[in-house]
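A.B. asks: Chain residues, written in single-letter form:
Number of protein chains: 2
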Amino acid sequence: MSGLRERQKTTRHRDILAAAEYLFRRDGFRATGIEAIAARANLATGTLYNYFPSKGDILLALVALDGEEVRAAGAKLIARPPRDPETAITRLLEIYIEHSLVHLTKDEWRHALANYFLQPDSRFGQGYAALDGKLAAQVCELVSALQSRGSLSPDIDSESAGRLLFYLCNSEFTLFVANEAMPMAELKQRMSRQIAIVMSGLERKAAPLAEAAAPPRLHRRPRKAA
Amino acid sequence: MSGLRERQKTTRHRDILAAAEYLFRRDGFRATGIEAIAARANLATGTLYNYFPSKGDILLALVALDGEEVRAAGAKLIARPPRDPETAITRLLEIYIEHSLVHLTKDEWRHALANYFLQPDSRFGQGYAALDGKLAAQVCELVSALQSRGSLSPDIDSESAGRLLFYLCNSEFTLFVANEAMPMAELKQRMSRQIAIVMSGLERKAAPLAEAAAPPRLHRRPRKAA
DNA sequence: CTTCAAACATGAGTCAATTCATTTTTTCGC
DNA sequence: GCGAAAAAATGAATTGACTCATGTTTGAAG
Chain A
1 MSGLRERQKT
11 TRHRDILAAA
21 EYLFRRDGFR
31 ATGIEAIAAR
41 ANLATGTLYN
51 YFPSKGDILL
61 ALVALDGEEV
71 RAAGAKLIAR
81 PPRDPETAIT
91 RLLEIYIEHS
101 LVHLTKDEWR
111 HALANYFLQP
121 DSRFGQGYAA
131 LDGKLAAQVC
141 ELVSALQSRG
151 SLSPDIDSES
161 AGRLLFYLCN
171 SEFTLFVANE
181 AMPMAELKQR
191 MSRQIAIVMS
201 GLERKAAPLA
211 EAAAPPRLHR
221 RPRKAA
Chain B
1 MSGLRERQKT
11 TRHRDILAAA
21 EYLFRRDGFR
31 ATGIEAIAAR
41 ANLATGTLYN
51 YFPSKGDILL
61 ALVALDGEEV
71 RAAGAKLIAR
81 PPRDPETAIT
91 RLLEIYIEHS
101 LVHLTKDEWR
111 HALANYFLQP
121 DSRFGQGYAA
131 LDGKLAAQVC
141 ELVSALQSRG
151 SLSPDIDSES
161 AGRLLFYLCN
171 SEFTLFVANE
181 AMPMAELKQR
191 MSRQIAIVMS
201 GLERKAAPLA
211 EAAAPPRLHR
221 RPRKAA
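Chain order of the listed sequences is A and B. Residue numbering for the first sequence follows our numbering, beginning at 1 and increasing consecutively. Residue numbering for the second sequence follows our numbering, beginning at 1 and increasing consecutively.
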């Protein structure tokens with residue numbers, strides 16, 4: 001492909017995101033006008049729309065960038081997870097929520113969530129959904145790893161368990177974001193209580209003697225159909 | 001209180017909601033203009049804003065009405081819950097999701113969620129949050145009832161467990177709503193898998209021999225009332 | 001039955017995101 | 001290089017939710 005055009009395109013893409021990142025954080029999403037972003041990125045408002053289909057999509061693109069960082073951080077933990085399974089899960093989910101406010105404010109998260117629901121099928125909406133999917137998959141992966149290491153009962157569908165844990169995290173995060181006043185400590189506390197409950201369902205039943213007498217009732221579920 | 005004015009106020013309130021309900025469903029939330037709602041309710045656009053602070057708040061008010069119905073339906077089930085605890089929980093959550101599409105479309109739910117995030121602190125945003133809270137509380141109540149009936153382990157915080165179950169439902173519902181194509185059957189299936197996992201953490205541990213060291217009061221088993 | 005203040009209704013006006021017809025720039029075959 | 005086609009840039013026009021200055025109705029005191 002032609003060099004100049006491609007390069008300018010990427011440059012402008014970056015410029016827009018950088019301008020938006022700065023202004024959204026400084027003035028808030030709502031108060032930041034498209035014109036201001038365009039001006040800061042040295043282009044006309046109309047031009048901006050050649051790069052992003054809407055203001056909301058710019059924000060979702062920023063969230064996606066952030067998400068990629070989180071995914072990488074999570075992957076590191078999964079590579080060498082803590083021994084205690086509950087600690088391992090808790091750590092992973094804490095990585096997610098702790099990272100969440102590094103580059104984005106609660107205001108931005110609220111608007112990102114709103115914009116996702118407004119256009120879940122747009123290119124950037126799908127990007128957001130895909131990100132969520134990747135993180136959920138990461139939790140599933142960790143559960144699976146803990147199972148094959150023998151720390152968790154192998155009888156449970158790691159897919160469902162991972163989803164459950166991720167959605168627990170997500171729901172509490174959502175609540176956290178909707179309440180400007182809630183401190184992160186409270187979010188963590190609420191999360192850890194629920195993690196504990198899930199883990200008690202996932203842990204290897206510590207009743208070796210009884211198992212011989214009464215076979216455990218396994219909650220076997222049909223495998224997810226592709 | 002003054003009769004005429006109060007009555008006219010309630011009437012108009014109702015008229016607006018009725019008009020919006022009709023138009024949102026027929027044309028979609030976005031395509032429905034404020035002017036159209038106002039016209040159908042026989043008032044000027046400006047007047048409408050004396051009753052609802054924004055278009056989104058009208059939708060949230062509709063959701064709240066719907067939510068009240070769901071709460072009532074849930075209360076009935078709680079009054080006489082199925083014997084099997086997993087069935088009881090599943091039924092309650094299914095009531096929620098089945099009811100969800102009776103009066104509202106996925107499009108409306110998407111916009112309702114978006115509007116909630118845009119204004120979680122507005123009067124109607126808080127109303128939405130309160131509704132969520134009430135439903136979550138209902139699940140907690142059911143868990144608690146199942147505990148005192150002896151169907152579930154009494155050692156678990158019913159508050160956290162209820163929240164966990166409700167959020168599981170909510171998260172999957174959210175996914176369902178974001179994917180126009182997903183059928184309700186898939187939503188139910190995903191939900192039931194995760195419910196199963198949570199329940200295995202809540203159920204009375206069925207390992208009597210191995211639990212010798214555990215506090216004896218765990219083994220109290222009241223007869224089920226006939 | 002008047003009168004007045006408060007509450008309510010009105011619709012033209014404002015504001016900001018998005019679109020679009022037009023102009024400018026880039027690419028590429030010759 | 002040169003001209004036409006394609007791609008990108010532009011900012012004025014559009015759109016639709018929301019506001020506000022103004023006019024109208026209501027309820028109660030005198």
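Take the hints with a grain of salt, since some may be wrong.
Each pair may be met inside one copy or between any two copies, as identical chains are not told apart.
Unchecked claim - Dumping the calculated DSS-like pairs for lysine-lysine here, alpha-carbon to alpha-carbon at most 30 Å: (1) Lys188 / Lys9; (2) Lys106 / Lys55; (3) Lys55 / Lys76; (4) Lys106 / Lys134; (5) Lys188 / Lys134; (6) Lys76 / Lys9.
Quick caveat, the hints were computed from the structure, so don't treat them as lab data.
A.B. asks: Reference check for the pair Lys106 and Lys134, CA-CA at most 30 Å: within, between, both, or neither?
C.D. replies: both (22 Å within a copy, 24 Å between copies)
A.B. asks: Under a CA distance limit of 30 Å, which applies to Lys188 and Lys134: within one copy, between copies, both, or neither?
C.D. replies: Intra 22 Å, inter 22 Å, cutoff 30 Å: intra and inter.
A.B. asks: At 30 Å max between alpha carbons, let me know whether Lys55 reaches Lys76 within a copy, between copies, both or neither.
C.D. replies: Neither: 33 Å inside a chain and 45 Å across chains, both beyond 30 Å.
A.B. asks: Could you place Lys76 and Lys9 in one of the four classes (within, between, both, neither) given a Cα distance threshold of 30 Å?
C.D. replies: neither (33 Å within a copy, 60 Å between copies)
A.B. asks: When no copy is specified for Lys106 and Lys55, does a C-alpha distance of 30 Å or less occur within a copy, between copies, both, or neither?
C.D. replies: Both: 17 Å inside a copy, 23 Å across copies.
A.B. asks: Is the C-alpha distance from Lys188 to Lys9 at most 30 Å within one copy, between copies, in both cases, or in neither?
C.D. replies: neither (41 Å within a copy, 45 Å between copies)
Hint violations for this structure: numbers 1, 3, 6, all remaining hints satisfied.
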